[in-house]
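Each protein sequence line maps, in turn, to chains U and S. Its first residue numbered 1, the first sequence is counted upward by one per residue in the working numbering. Its first residue numbered 1, the second sequence is counted upward by one per residue in the working numbering.
Don't take each hint at face value.
Residues from chain U that face chain S, not an exhaustive set, calculated with beta carbons under 10 Å [claimed, not checked]:
#1 Arg5
#2 Ala7
#3 Ala18
#4 Glu40
#5 Gly41
#6 Leu48
#7 Ser75
#8 Leu95
#9 Gln101
#10 Arg103
#11 Gly134
#12 Arg233
#13 Ala234
If you anchor each label on the Cβ, the simulated ranges turn out as follows [stated by the list, open to error]:
#14 U:Gly182 x S:Pro45: 22 to 28 Å
#15 U:Arg297 x S:Pro51: 53 to 59 Å
#16 U:Arg44 x S:Asp145: 50 to 56 Å
In silico SDA-like links for lysine to any residue, alpha-carbon gap of 25 Å or less [claimed, not checked]:
#17 U:Lys300 x U:Ala290
#18 S:Lys120 x S:Phe147
#19 U:Lys39 x S:Ser47
#20 S:Lys120 x U:Ile59
#21 S:Lys120 x U:Tyr302
#22 U:Lys39 x S:Gln202
#23 S:Lys167 x S:Gly201
#24 S:Lys167 x S:Thr94
#25 S:Lys167 x U:Ala78
None of these hints come from the bench; they were simulated from the model. The beta carbon of each residue, even a glycine, is placed where N, CA and C say it ideally should be.
Spelled out, the chains give:
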Amino acid sequence: MNAFRYAQARDAASAMAALAADPRARYIAGGTNVVDLMKEGVERPSLLVDITQLPLRGIDRTATGVRVGALALMSDVADHPAIARDYPVVAQALLASASPQLRNMATIGGNLMQRTRCAYFRDVSQHCNKRAPGTGCAAISGVNRRHAVVGGSEQCICTHASDLAVALLSVDAIVHVRGRAGERTVPLERFHVLPGSTPQRETVLEHGDLITAVELPASAAARNSYYLKVRDRASYEFALVSVAAALNVAGGRIRAARVALGGVAPTPWRAHAAEAALLGRPATGGTFAAAAEAATRGMKGYGQNDFKIVLVRRAVNRALQHVGAIA
Amino acid sequence: MDVGKVTRRRFLVRAALPTIAAGVGIGSPRLCALAQAAASVSVLPASGPGPMPVTLNVNGRAHELRIEPRVTLLDALRERLALTGTKKGCDQGTCGACTVLVDGRRVNACLTLAVMVQRKAITTIEGLADGDQLHPMQAAFLAHDGFQCGYCTPGQILSAVALLAEKRATDEASVREWMSGNICRCGAYPNIVAAVRSVAGQPS
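Construct the entire structure; sequences and hints are all you get.
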């Protein structure tokens with residue numbers, strides 16, 4: 001990996017100032033993604049600012065839900081009783097992520113910032129518009145079994161690797177960010193951005209912005225939520241397709257519905273058409289099948305990943321049957 | 001030199017050291033200059049990219065090193081402290097051979113920068129036994145033949161020790177799931193699971 005300078009931040013202001021002074025500086029917390037990418041030569045920061053000593057580790061109940069500090073470890077969040085009870089989809093997605101070792105290192109903020117696992121992105125000898133803008137996308141005509149079936153562009157068809165972000169999308173999570181102009185909040189749905197013509201840009205964050213917390217609003221749907229992850233092996237593997245489903249059913253009718261997908265798009269993907277097919281309708285197998293079909297609307301394969309569209313339909317149906325308590 | 005006293009491990013360690021010493025010099029002058037220019041306007045005191053003092057507390061003993069910030073905990077253990085029980089498999093967090101405990105929790109040493117775990121208690125496979133008295137998990141791996149080539153074994157054992165402390169090993173399926181971060185290319189999984197379950201007090 002490249003040589004770099006290292007600084008340990010004692011407070012957020014000095015950490016942010018260090019990044020503001022150096023466009024090639026980067027934050028490091030768990031390091032599970034950035035150290036890996038530095039070994040591959042994909043990331044070459046001039047300065048790593050270690051933010052692990054900042055007081056952003058807490059998992060606290062609030063009047064409206066739970067606030068998870070950006071530096072809370074994946075394993076600690078998964079273990080927290082309030083998360084397991086009020087946001088089962090989040091605990092399940094975390095426990096389906098990576099390995100116990102990696103979950104002991106990786107943080108919630110870092111998880112949202114993780115970069116794609118696309119093999120062309122990770123190999124500096126390959127064409128990749130995200131890593132080296134203007135060089136082309138080797139995946140579109142290459143080995144694209146794991147790539148996106150929706151949300152991609154002619155520049156990039158990578159998939160976002162996070163399970164957690166998909167689960168957080170289904171519970172309307174809000175990201176708290178500290179930037180030059182002070183604190184702001186960004187709904188998770190608007191946090192990640194599609195590649196379009198600038199695949200190197202992955203989130204709305206500016207250089208030096210610091211995620212401080214993720215807020216999970218309490219809701220009946222979040223309490224009745226479920227994460228289904230389909231992958232090539234049973235554990236320690238990224239999703240081919242994943243589904244986060246949250247339903248509030250009262251009197252046999254669906255009062256609130258969230259369906260989010262992983263492994264299918266360059267960002268965590270909210271299936272609005274599926275949600276629209278659920279809202280106000282009876283919680284029956286027929287409704288769920290129609291919603292599952294709607295979830296695939298607009299999806300397009302690139303050959304090797306065509307199977308994902310069928311898999312989305314089946315996985316959404318199964319996840320909805322689970323939260324709809326008919327399976 | 002008494003050739004008969006040169007063990008395989010000692011030979012490998014000696015052979016490796018000059019290579020690593022040479023490796024310290026890597027890093028283009030252009031990058032170093034860029035990094036130094038950046039640091040001059042930074043309000044945070046920064047170290048590196050050259051060697052810096054790093055103190056590691058390994059198996060109850062403090063070690064003072066001078067290493068670059070880019071040195072991983074895995075490389076510091078193996079190449080600087082000659083604690084070669086911790087293995088380098090994939091070196092990218094996908095195999096678990098490098099598993100060690102940091103403040104009692106299992107982590108991948110290959111993705112941990114040594115400079116970031118100062119003042120933390122690091123436990124490696126060399127720190128588990130009490131003299132000649134093996135840790136119960138080490139004894140169980142022997143009793144259940146929980147390995148073939150043995151390369152993944154130190155990581156498996158550290159992971160299993162942590163798993164028991166996490167109280168997640170309730171049955172065979174949970175042992176398999178919670179040991180999934182440790183890959184065994186020989187496929188010794190049935191015996192590894194049996195070893196872990198025996199220490200957890202479960203019949204297998």
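Hint-by-hint comparison with the structure:
no., hint, verdict
1, Arg5, "holds (4 Å)"
2, Ala7, "holds (4 Å)"
3, Ala18, "holds (4 Å)"
4, Glu40, "holds (8 Å)"
5, Gly41, "violated (12 Å)"
6, Leu48, "holds (7 Å)"
7, Ser75, "holds (8 Å)"
8, Leu95, "holds (8 Å)"
9, Gln101, "holds (5 Å)"
10, Arg103, "holds (9 Å)"
11, Gly134, "violated (23 Å)"
12, Arg233, "holds (9 Å)"
13, Ala234, "holds (8 Å)"
14, U:Gly182 x S:Pro45: 22 to 28 Å, "holds (26 Å)"
15, U:Arg297 x S:Pro51: 53 to 59 Å, "holds (57 Å)"
16, U:Arg44 x S:Asp145: 50 to 56 Å, "violated (45 Å)"
17, U:Lys300 x U:Ala290, "holds (19 Å)"
18, S:Lys120 x S:Phe147, "violated (30 Å)"
19, U:Lys39 x S:Ser47, "holds (20 Å)"
20, S:Lys120 x U:Ile59, "holds (22 Å)"
21, S:Lys120 x U:Tyr302, "violated (48 Å)"
22, U:Lys39 x S:Gln202, "violated (41 Å)"
23, S:Lys167 x S:Gly201, "holds (12 Å)"
24, S:Lys167 x S:Thr94, "holds (23 Å)"
25, S:Lys167 x U:Ala78, "holds (14 Å)"
Checked against the numbered hints above, the structure breaks hints 5, 11, 16, 18, 21 and 22 and satisfies the rest.
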